[in-house]
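Participant: Protein chains in written order, with the numbering used here: chain A, 1 to 195; chain B, 1 to 73.
Heads up, none of these hints are tricks.
Reference listing, derived: stretches of chain B covered by chain A, where coverage requires no fewer than 3 residues with Cβ under 8 Å from a Cβ of chain A:
no., segment
1, 20-27
2, 30-43
3, 52-62
Worth flagging that the hints you see were computed from the coordinates, not collected in a lab.
Just so it is clear, CB atoms sit at the ideal spot from N, CA and C, and this is done for glycine as well.
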Amino acid sequence: MLKHRGFEEVYSLAGGIMAWDGLTAPGTATQGLGLVSGKEDKARLLVIALGLEAGLGQFYRQAGERSGSQRARDLCQRLAMVEQRHCDQVYGLYLWERPDGPGQEELVAQSHDLVMEGGEKVEQALERLLPQGFGERALLEAAMGIEAQALDLYLRMSHKLAQDQARQALHDLAQEEKAHLKALGALMEQVSQEG
Amino acid sequence: MMLKALFSASRDLSPDQVRKFMEARRPDEYTLLDVRQPAEYKRGHIPGARLIPLPDLSERLTELDPNKPTIVY
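Work out the full structure, taking the sequences as your base and the hints as a guide.
Facilitator: Listed below in structure tokens is the structure:
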């Protein structure tokens, strides 16, 4: 069908989704898309992304407080630091767009009530993903699920945006999430071997 | 679903090949297309996949860029 309509390069995933052994993201095609109208410019988009990244940092910090083991607490701290680095990067990009813009904290406060990266509120996500008594492995599984959702949300949001620069900014953030997921996968492998 | 019959001129890629394909490219360089029903998509989809259920595909193809490689599942 696609080839006959001018699509030159078409591939099928052999075995379909049942054969897919990589990460998946749950949720509808429009989940979280209420965060953007589609008309945002790059600066506005970066403010939203900053709020999402900051929300995830908050998730890891709160998860660390609930954790029973020192190793899980250390892991949460590391993950929260990664998110803070993402926040700093996003804020740096924002300052290129708006050199006289407000400080990072003020900007985070302005952005969508600390909705976390996957488009879900921090407290809801903690209850859903990390019931009491979780350890390093459960935490890593939750983190990979959340990061997959974040990647998914950034890409679905990009489909909705009209402005090229804003779309590009989301693709850059999605690339960061891909790298982060890869690092989490390596960490999971390490924890599995140790356990 | 007999995707192969519907996309007969397409080439099969194994999950590992799809993963490598995506890792080697930026997300704006290809289209990942989920042609299942919305309820199936909701249960779990490959991150970034666009949902156009098969029955709607013919009418909604204009939403996609024919110049980009397209991976369908």
